[in-house]
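Visitor: Read off the chains here:
There are 8 protein chains.
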Amino acid sequence: MNHQPVSDLGYALLDTDRAARTGDPEVVYGAGKSPAQVVEILRTLHAAHPERAVLATRLTTEAVEAVTTELPDAEVDDVARAVTLGPLPSAQGTVTIVSAGTSDAPVAAEAALTARVYGAGVRLVNDVGVAGLHRVLARREELASANCLIVVAGMEGALPSVVGGLTGVPLVAVPTSVGYGASFGGVAALLGMLNSCAPGVTVVNIDNGFGAGVFAARVARAAR
Amino acid sequence: MNHQPVSDLGYALLDTDRAARTGDPEVVYGAGKSPAQVVEILRTLHAAHPERAVLATRLTTEAVEAVTTELPDAEVDDVARAVTLGPLPSAQGTVTIVSAGTSDAPVAAEAALTARVYGAGVRLVNDVGVAGLHRVLARREELASANCLIVVAGMEGALPSVVGGLTGVPLVAVPTSVGYGASFGGVAALLGMLNSCAPGVTVVNIDNGFGAGVFAARVARAAR
Amino acid sequence: MNHQPVSDLGYALLDTDRAARTGDPEVVYGAGKSPAQVVEILRTLHAAHPERAVLATRLTTEAVEAVTTELPDAEVDDVARAVTLGPLPSAQGTVTIVSAGTSDAPVAAEAALTARVYGAGVRLVNDVGVAGLHRVLARREELASANCLIVVAGMEGALPSVVGGLTGVPLVAVPTSVGYGASFGGVAALLGMLNSCAPGVTVVNIDNGFGAGVFAARVARAAR
Amino acid sequence: MNHQPVSDLGYALLDTDRAARTGDPEVVYGAGKSPAQVVEILRTLHAAHPERAVLATRLTTEAVEAVTTELPDAEVDDVARAVTLGPLPSAQGTVTIVSAGTSDAPVAAEAALTARVYGAGVRLVNDVGVAGLHRVLARREELASANCLIVVAGMEGALPSVVGGLTGVPLVAVPTSVGYGASFGGVAALLGMLNSCAPGVTVVNIDNGFGAGVFAARVARAAR
Amino acid sequence: MNHQPVSDLGYALLDTDRAARTGDPEVVYGAGKSPAQVVEILRTLHAAHPERAVLATRLTTEAVEAVTTELPDAEVDDVARAVTLGPLPSAQGTVTIVSAGTSDAPVAAEAALTARVYGAGVRLVNDVGVAGLHRVLARREELASANCLIVVAGMEGALPSVVGGLTGVPLVAVPTSVGYGASFGGVAALLGMLNSCAPGVTVVNIDNGFGAGVFAARVARAAR
Amino acid sequence: MNHQPVSDLGYALLDTDRAARTGDPEVVYGAGKSPAQVVEILRTLHAAHPERAVLATRLTTEAVEAVTTELPDAEVDDVARAVTLGPLPSAQGTVTIVSAGTSDAPVAAEAALTARVYGAGVRLVNDVGVAGLHRVLARREELASANCLIVVAGMEGALPSVVGGLTGVPLVAVPTSVGYGASFGGVAALLGMLNSCAPGVTVVNIDNGFGAGVFAARVARAAR
Amino acid sequence: MNHQPVSDLGYALLDTDRAARTGDPEVVYGAGKSPAQVVEILRTLHAAHPERAVLATRLTTEAVEAVTTELPDAEVDDVARAVTLGPLPSAQGTVTIVSAGTSDAPVAAEAALTARVYGAGVRLVNDVGVAGLHRVLARREELASANCLIVVAGMEGALPSVVGGLTGVPLVAVPTSVGYGASFGGVAALLGMLNSCAPGVTVVNIDNGFGAGVFAARVARAAR
Amino acid sequence: MNHQPVSDLGYALLDTDRAARTGDPEVVYGAGKSPAQVVEILRTLHAAHPERAVLATRLTTEAVEAVTTELPDAEVDDVARAVTLGPLPSAQGTVTIVSAGTSDAPVAAEAALTARVYGAGVRLVNDVGVAGLHRVLARREELASANCLIVVAGMEGALPSVVGGLTGVPLVAVPTSVGYGASFGGVAALLGMLNSCAPGVTVVNIDNGFGAGVFAARVARAAR
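Residue numbers (UniProt numbering), protein chains in the order written: chain A, 1 to 224; chain B, 1 to 224; chain C, 1 to 224; chain D, 1 to 224; chain E, 1 to 224; chain F, 1 to 224; chain G, 1 to 224; chain H, 1 to 224.
Any given hint could be a false lead.
Residues from chain B shown here face chain D by an in silico Cβ test under 8 Å; the list is partial [what the hints assert, rightly or not]: (1) Thr44; (2) Gly186; (3) Asp207.
Since the hints were derived computationally from the structure, they do not count as laboratory data. Where a beta carbon is used, it is the ideal one built from N, C-alpha and C, also for glycine.
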């Protein structure tokens, strides 16, 4: 445990061997970091792992612009506010991401890109809210064929209960901060998902598409 | 406003003309009242309104027994923990009460009895939770033919969103305290219902089958 | 359930047959949508339903301006921050909207416009707070003659209890985020309304004039 | 400050000169104290102040019985769950205590007894809830003639707003834990009172009839 | 009750006879009102009550400027963010306002100005926090000589307990939103004050210097 | 969707084809059910699925005794307060359940039994709290070899973060209600787990060993 | 790290070398453990560390009786609901424990016994609440001479602010669950202490006398 | 107590003898103060205590610039957003500050500077989060040699539990507002730390590096 190859950038210790330990890629959590810091960390991690994509999430507009300018090989996902640098791994298994409304799209996109960077194939099923049940029911076969489902919803967060009642696929629910008033910034959706009457629903933090993507990719990669 | 026919029982002023003002029956809220008090108030209100049923809700087992012994003409609803004394009014319109799980039955029964005493006809659709969507869908026509819907659910409280997406009938949602942990005694269901993505869902207090029944009966009685 | 006439705009699936299913108009929820998106969705929905008004709510100043410029036939309601496009339906029944203070006006206006677009006639009774009881009492007959009441109030949210004690008309209470400190953005009013001692009060989300309007219009349209 | 005449009973320091400092009587807060402790403290305080009533509140049934047996001169108030020992002071000024429902009676009684022991005259106006406005209005003159009002209410706690709009008398609101579900043990009433739209309403802790009584007595005693 | 002299400004009903009913002045609550509205309401109320000061609180910088320009006779209190228009009443009794820290000054100033406009004399005791007890103790006599105390504090809100233990004067506590982290915008101070171990402390909403001033003035005006 | 083989027991609709739809067993949630109801539902479900174990959870002592008496073939798990009736399926894959303290054992046992009934093999690693890190580190290889991890912890809920930093195995965290004071019945642990800095941690409701077991079994069964 | 001398009792791994690692004694947290378990763990730990007292806290009456019967050498502290078995260490430094009211005594006693078992000398200063400031001030010199202070208070939790303003001694505040209504089981006191205006106050969980005792003993033992 | 040398700046009473009472330096809490006020208070306090550094914390960028311009001898700590004016005291004992992530750096820096100004030596151990346990374990000896530890962490706040299990050094935990969604601005970390399973962890307010620094310095200064 004593000789980790750690790079010290002054404001951050980079643990460039984490990938070896967990089979996962390197990731930069962009919130609270300056554009210059994002660029520098991406560059350092990419140099250490040129064979595999590094992911940066929660980027400001300024950080996306800095990355575009400084790292022209980076791929930008505008909906997810995220970038990748380096080749994506081959896709193993399938993660299907279901979202309830158009406002949930950024979180769904973050989950999708993360799952892809972590090595899973991804499918997106957008805008299938609970109040229009026929849309969900029309996709039932597609949902049942995934290795792991990610269901993204704000407001009352009921979609995971509906989807979870239709299939036996492992399902990760992501509450979003979409809503107003007594949604309390996503708390209503979070509580709804934690109390889902559909068995086998697990939940991540509000707006945490990244965490859901990591988890689902691990499940899908390992599935038969 | 000065000469209300009010009976003073020492511990409670009984406003025996409320019915005349609002077209509604007299009601005894049993929580916190002794069995003897429940019996005495029921008897007094019944004497003032012999032509129309008086309702007592939230009764303890002891209060139900006291009513049974002292007021043999009273009708007991064991599931709703409620009694009526006096003839029920003729039924106008239809209130359909939908409940998600067996644990929600007492609240659904209180709503049903209340709506009936307040002058509406009632139908019950029990145990049609969100995780078994086919049960809800199989009753779709029946739901759409009601004058007002009451949807009772605990845990994540998603059923009103699903039912509300299927019909344009006015829908009152009743969160129940069924659940554990992060259901917080019905708060999760309450928030879910307040944030329903189905337009036109209104909500009452946790476990308030009575209030939903009053409201729905008023809507159904006045419907064409 | 397989052949819904759904338009796909890329960022939103538009379900242009919803009206047929529920008898309700099409609605655009403007929060989180760009001015261009609001205009495009309004235009698409109007083209599909030229015979009936489409409603757009929660519009930013920029979205209102874009609608004014791009869709000159649209009617703007500045207080409600909403627009309609297309002819209003004939009015059936009456929804009376009561508001407590001048700061509650935008929510009351949203409720009124929504009820009108959903097919009910509307009356507004503004600025009749609880601390000046005579104002409410002076309008008692008018309140009792409505088919459904919407009562809008912030701060302690006591107005629905007072109004609900005066009539037997179905009453939907709308808490607003008006207040400060321990009003917690409308939570105090919401809790007050959920705990109203007046029987038969139902509640919608904080500032949700739209939801109250939908519900009340459905009740009023169906009333004798 | 060094020579306070303090009695040390082992489990409690009794500050028998507090009365001299503030003009108030001695009080025993009975919650969490054994019947024997209540009796012993009452006896000690009474011995130090035989000329003025000592008050004990929040007594269990066992403590009331022990006081009755051991201190036959004590006066028991069963509704308030409180006792006094020693002569009541002469009454200066008037505190009027208004309560909303029968379940609020214990808190109203505690407030009334406290105000009396602290030297004010008291009047009680019970069971005048907001949903029956005519009862409040009928007592308007009586309310306006008090030196201080105490308004006790549970559930939505709207009564202080109504009463506060009728008079300019200083008004202390006492939320009670009466209610269920989203009343959260009195929190809804507490928030309602803190956000009252009637100016000049102050609030005490949930069920704190004692604190309201102390405050109101001080106001009434000093009034012209 | 039918012929109140109410002025209708379109966006607000002005009840210009309230003063007659309660003996209090007219007040404009400036939050959420435009500068022009503040000016217009002030002018209308002043015209109706030229003999007595009208108060406007919670003014934005823009509103203060508009008042200064349009109503040159208005007196501006910069700390309180409030103005008065018209002659102050003669002062009856004394309200002493104690504040804990420099950040609490705006709330203390609002309380002071309000109490003055409502007819009481006022004294200010600033910056006497609990962590420097000697400052409070040094003012003990002064505190004990008031007719009513207002104690303003943020953070843990302990000052009312300390002051309340020193005197028997009626004491209104005002929690402020001063603090960070687990102060939750004044909730910690509010809870501390509601749970004060000093008997007879009453509380108003967070930052509600106005409400405390109204209440205290009513107490002080009526004191012997 | 119209001909589900549903048994109607009066108080519960039993959907005896759910297993066919999702590959999962039948389950009885015992909370709120009488011993007789638990026995009857177990017997009915077992008759419909004699080839596969039915699971009953959250049983009271009385329910366990009734099952033991009435259904002698049932297997009782005293720690998990659960029983099974019928043969367990063969085990596919491995779910490893890690728990922090002895008080967490019932939840860990419920998770373990559930995962086994749902078709996964299970291993238990008990009493490896964060404050004794060497215990966790000593089991590192074992943890890394599972197909899915369930980590059960109360109090601050830190164990999932520690375990999640050691492996890349999918990890479901279960907060328990173990703790006191500011643990708020498991809320502190729940929040800790939702905010875990270890990527890819998902969470279920407080004390929901059942839900974690279902989810983990589905993951493990499908793993290569 | 591989060969910890750990005893496995089936329901608990006992880490009998913890003392060597941290210089602290062994402790049994009694909540949730049966009397027999408490006795067995105490006996096992005492056998491993006969030279130093083992502490058991949060014991039920039944557990205390079992210990008294089975382990006659154990010392029982009835107020703290705790026992020790084995010789107390010599006392280094002084921890002074200050408590506000008689109801806080159990928590203060737990803190005192814990500090003593962890090797510090202890002094108790009871019943010196904020509303009787002279009692605190009279003990000022005594407080200033301690190496660490523990201040225990419920309700508004103001005592640490007062004591913290009097001395520069490290101060650990312990909120207790003493109070009612808006004390929310100790939350008001906890928030008050976290927001203390006296610099250098640290806080432990509600009723956590044990944690405060451990911390303070470590500080006092190491002090010059 | 009557002759404190207090300077009155109009908006703040400066108690320039506090240092003499507690052995601590003077401090300016910059939040809510204008740049000019910060400069003036710093200058006044420095003039009264030229021999010892005065500390100003929570400074805005504007305040830092004003200090730099007006008080060229001041030392600025950009990370901590704080300045000192005057010579630092000699360092007694060691406070080691451990932080979990780069976003926690400002709070860690404030704690470090505060501890230094209060007379302790400081060491910083940055970026050793729980998900990379080897980093913490590698610094174990260093942690064990401190006189007091400050552990700074946001999100789930697990680091104090891990560090507290490794040593017996007094440990003050500082939750930070780093996180999103269900971190609720630091509440999740705060609750995690209050419920730490490691004995002897005490906690300060969210982001309160200053308070932790004061406390730890007092402990370290007094240590052998």
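Visitor: Hints the structure violates: just list their numbers, smallest first.
Guide: 1
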